[in-house]
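Engineer: In order, the protein sequences belong to chains A and B. Just so you know, my numbering puts 273 at position 273 of the first sequence, and the rest follows in order with no gaps. Just so you know, my numbering puts 193 at position 193 of the second sequence, and the rest follows in order with no gaps.
There's no promise every hint is true.
No more than 30 Å apart at the CA atoms, straight line, and that leaves these computed lysine-lysine pairs for DSS-like [stated by the list, open to error]:
#1 B:Lys198 x A:Lys179
#2 A:Lys170 x A:Lys189
#3 B:Lys74 x A:Lys26
#4 B:Lys185 x A:Lys235
#5 A:Lys92 x B:Lys71
#6 A:Lys170 x B:Lys185
#7 A:Lys179 x A:Lys235
#8 A:Lys294 x A:Lys2
#9 A:Lys92 x A:Lys297
#10 A:Lys92 x B:Lys74
#11 A:Lys189 x B:Lys198
#12 A:Lys294 x A:Lys318
#13 B:Lys80 x A:Lys26
#14 B:Lys74 x A:Lys223
#15 A:Lys49 x A:Lys2
#16 B:Lys74 x A:Lys234
Don't read these hints as lab results, they were simulated from the structure.
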Amino acid sequence: MKWYEENGENSDVILTSRVVVRRNIKGYSFPSKMDDSERETVQHLVTAKAEELGYEVKIEEPASNIPDALKKRGSDAMFQSSDEAIGAMINKINHLTFYGNIRGSNVKEMFTRVEKMVIDFERAFDMAYSERLGFLTAEPQNVGSGITVDIVVAIPGIVKSGTFPSLQKKLTVAEWRLKPYINQNSGIKRPETLFSLTNVATLGIGEDKLYERAITIINDIIKVERMCREAIYKKNRLVVEDQYYRGYGLLKFCRKIELPEALEVLGWIRFGLGLIDDKETGITLSVINEITEKLCKEYDLHPRSFNRHNEQRAAYIKEILERGE
Amino acid sequence: MRCERCGKIVDKSYTNYNGRFFCPECAKELGLPDAATLASSAFRFLDDGLTSFFPLMREQLEFSPTRSQIKCPKCGTTLKEFEATGNLGCIECYNTFNESVMRLLMRLQADNHYRGRSPGIASEPMEDSKETKEIDAAEIGSNSESKEPEVSPAKEIAADENKLLKYSNADIGMLTNEDLNEAIKLAVAHEDYLLAAKFRDELRSREGV
Numbered sequence: 001m002k003w004y005e006e007n008g009e010n011s012d013v014i015l016t017s018r019v020v021v022r023r024n025i026k027g028y029s030f031p032s033k034m035d036d037s038e039r040e041t042v043q044h045l046v047t048a049k050a051e052e053l054g055y056e057v058k059i060e061e062p063a064s065n066i067p068d069a070l071k072k073r074g075s076d077a078m079f080q081s082s083d084e085a086i087g088a089m090i091n092k093i094n095h096l097t098f099y100g101n102i103r104g105s106n107v108k109e110m111f112t113r114v115e116k117m118v119i120d121f122e123r124a125f126d127m128a129y130s131e132r133l134g135f136l137t138a139e140p141q142n143v144g145s146g147i148t149v150d151i152v153v154a155i156p157g158i159v160k161s162g163t164f165p166s167l168q169k170k171l172t173v174a175e176w177r178l179k180p181y182i183n184q185n186s187g188i189k190r191p192e193t194l195f196s197l198t199n200v201a202t203l204g205i206g207e208d209k210l211y212e213r214a215i216t217i218i219n220d221i222i223k224v225e226r227m228c229r230e231a232i233y234k235k236n237r238l239v240v241e242d243q244y245y246r247g248y249g250l251l252k253f254c255r256k257i258e259l260p261e262a263l264e265v266l267g268w269i270r271f272g273l274g275l276i277d278d279k280e281t282g283i284t285l286s287v288i289n290e291i292t293e294k295l296c297k298e299y300d301l302h303p304r305s306f307n308r309h310n311e312q313r314a315a316y317i318k319e320i321l322e323r324g325e
Numbered sequence: 001m002r003c004e005r006c007g008k009i010v011d012k013s014y015t016n017y018n019g020r021f022f023c024p025e026c027a028k029e030l031g032l033p034d035a036a037t038l039a040s041s042a043f044r045f046l047d048d049g050l051t052s053f054f055p056l057m058r059e060q061l062e063f064s065p066t067r068s069q070i071k072c073p074k075c076g077t078t079l080k081e082f083e084a085t086g087n088l089g090c091i092e093c094y095n096t097f098n099e100s101v102m103r104l105l106m107r108l109q110a111d112n113h114y115r116g117r118s119p120g121i122a123s124e125p126m127e128d129s130k131e132t133k134e135i136d137a138a139e140i141g142s143n144s145e146s147k148e149p150e151v152s153p154a155k156e157i158a159a160d161e162n163k164l165l166k167y168s169n170a171d172i173g174m175l176t177n178e179d180l181n182e183a184i185k186l187a188v189a190h191e192d193y194l195l196a197a198k199f200r201d202e203l204r205s206r207e208g209v
């Protein structure tokens with residue numbers, strides 16, 4: 001089973017968690033300054049080791065019909081585990097960009113798997129490392145542990161209760177950053193309910209502490225979000241139910257919808273799911289997560305033109321909803 | 001405040017030159033007079049110091065033409081290139097552009113020392129998550145039912161301010177009529193009449209006035 005086919009724990013609040021670890025091999029320039037022979041050598045060394053460790057290696061040669069001037073330098077190479085949850089890209093910005101993905105909040109297991117993979121490669125190659133700065137990366141802002149943890153959280157309860165600024169302040173103190181998943185730089189601004197939570201510090205904190213802090217923050221956000229949802233529902237049942245059913249109707253019957261609006265409406269439904277005793281719509285969390293993920297993927301592919309294709313978007317949302325019923 | 005050259009935290013003994021702050025060590029290395037001398041003889045410094053000071057500064061300051069021509073001897077990355085892309089070309093670039101890299105790290109991170117594991121050595125096994133004080137769920141949550149100990153007037157004022165901030169940030173449709181009445185009182189007490197009017201209008205529209 002692939003990692004993205006699983007449901008994941010606490011996925012009403014934590015959608016996906018991703019960790020990225022950057023490493024470079026000593027003795028070679030970073031990818032932006034590599035010549036072809038260096039590129040090939042690094043790729044060959046890494047893929048051979050990956051195969052030895054049992055990973056699936058994928059190498060994609062540049063298409064032959066592209067003019068030389070537009071061709072990317074070298075081939076795209078990567079390796080990954082059979083469930084595609086962990087793996088690494090070779091010669092992107094750094095020689096090795098390890099990653100690990102998981103649905104929901106069970107990040108501990110993923111961190112352990114990623115760390116084991118990284119250590120296997122650190123033992124095989126002499127890595128670019130300095131006692132003072134740690135692992136040296138092509139982007140100096142990631143020097144040190146070279147780790148970025150990125151967690152996608154859906155927190156309509158925290159936003160609606162007005163506790164968001166207080167949460168953001170506390171996260172800043174803990175050196176984490178919570179920013180809206182979608183950059184709404186034009187048009188009517190919709191309230192955000194979907195956020196990306198990332199660590200800021202790669203220096204001054206060890207890997208174990210970083211991972212422990214991530215787990216603590218995730219658990220606390222889940223707890224606070226649920227508290228907020230329940231408190232608001234207890235206080236204002238009618239409004240929550242009204243927004244829930246209104247949101248369902250809008251997604252099901254709209255003929256065109258902008259991406260920020262779709263995410264806002266999904267936030268209303270997510271808020272009410274599990275609280276409202278819904279015997280009418282048959283909507284489930286996995287359907288809501290599937291739509292949210294598709295919208296996120298659409299945004300990731302076209303971050304500057306996400307407000308086009310409003311009709312296609314409405315059609316696929318309707319299709320997923322009907323399939324889930 | 002931090003020294004703009006080495007990033008070290010400086011107290012009152014900084015040297016301010018044209019709005020740039022340096023620690024005593026860096027000021028000395030750059031040939032700047034120390035803070036006390038500068039303050040007591042500011043005008044004399046302009047006469048005596050400038051000639052010896054400028055050639056030195058030309059090598060050190062960000063905007064100097066010679067500095068932008070710095071090039072990594074190993075991979076050929078220039079400082080200009082690094083500043084434009086944010087990426088370094090090789091390990092040697094960390095030595096070549098040390099000053100710029102350190103300045104960047106000072107701006108982005110609270111620390112410039114690595115405190116993680118060494119290559120190939122596993123870190124300590126993770127403990128099960130404990131509830132820490134980093135994010136206090138009870139404090140953030142709006143409906144904590146725990147009994148509050150007696151609070152001082154100063155704390156009460158701060159609590160009122162927090163409450164008002166919470167109401168002003170909340171989705172107004174989610175506030176109950178009681179919340180709105182309380183929010184109006186708090187807003188008036190804090191002389192935020194625009195906010196009070198916003199809550200009043202919402203309440204009136206609900207009552208059909």
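Engineer: Give a verdict on every hint.
Structural biologist: Hint by hint, here is what the structure shows:
1. For the proposed pair Lys198 (chain B) and Lys179 (chain A), the alpha carbon gap of about 28 Å is at most 30 Å, so the pair holds.
2. A C-alpha spacing of about 25 Å is found between Lys170 (chain A) and Lys189 (chain A), which places the hinted pair at or below 30 Å, so the restraint holds.
3. Of the pairs offered as hints, the one joining Lys74 (chain B) and Lys26 (chain A) holds, with about 13 Å between alpha carbons and a cut-off of 30 Å not exceeded.
4. A threshold of 30 Å between alpha carbons decides the hint, and for Lys185 (chain B) with Lys235 (chain A) the separation of about 20 Å falls inside it, so the pair holds.
5. Annotation: proposed proximity of Lys92 (chain A) to Lys71 (chain B) holds, straight-line Cα distance about 23 Å (limit 30 Å).
6. Restraint check for Lys170 (chain A) and Lys185 (chain B): the C-alpha separation of about 28 Å stays at or below 30 Å, so the hint holds.
7. With a C-alpha separation of about 28 Å, the suggested pair Lys179 (chain A) and Lys235 (chain A) falls inside the 30 Å cut-off, and the hint holds.
8. Annotation: proposed proximity of Lys294 (chain A) to Lys2 (chain A) holds, straight-line Cα distance about 17 Å (limit 30 Å).
9. The straight-line distance between the Cα atoms of Lys92 (chain A) and Lys297 (chain A) is roughly 21 Å, inside the 30 Å bound, and the hint therefore holds.
10. Using a Cα cut-off of 30 Å, the hinted pair Lys92 (chain A) and Lys74 (chain B) holds, with the two alpha carbons roughly 20 Å apart.
11. Among the hinted pairs, Lys189 (chain A) with Lys198 (chain B) is consistent with the structure: their alpha-carbon atoms are about 20 Å apart, no more than 30 Å.
12. Restraint check for Lys294 (chain A) and Lys318 (chain A): the C-alpha separation of about 13 Å stays at or below 30 Å, so the hint holds.
13. Simply put, Lys80 (chain B) and Lys26 (chain A) have alpha-carbon atoms about 24 Å apart, close enough for the 30 Å limit, and the pair holds.
14. Between Lys74 (chain B) and Lys223 (chain A), the direct Cα distance comes to roughly 52 Å. Violation of the 30 Å bound is thereby established for this hinted pair.
15. Between Lys49 (chain A) and Lys2 (chain A), the direct Cα distance comes to roughly 23 Å. Compliance with the 30 Å bound is thereby established for this hinted pair.
16. Proposed proximity of Lys74 (chain B) and Lys234 (chain A) is contradicted: the alpha carbons are some 65 Å apart, above 30 Å.
The structure shown violates the earlier hints numbered 14 and 16.
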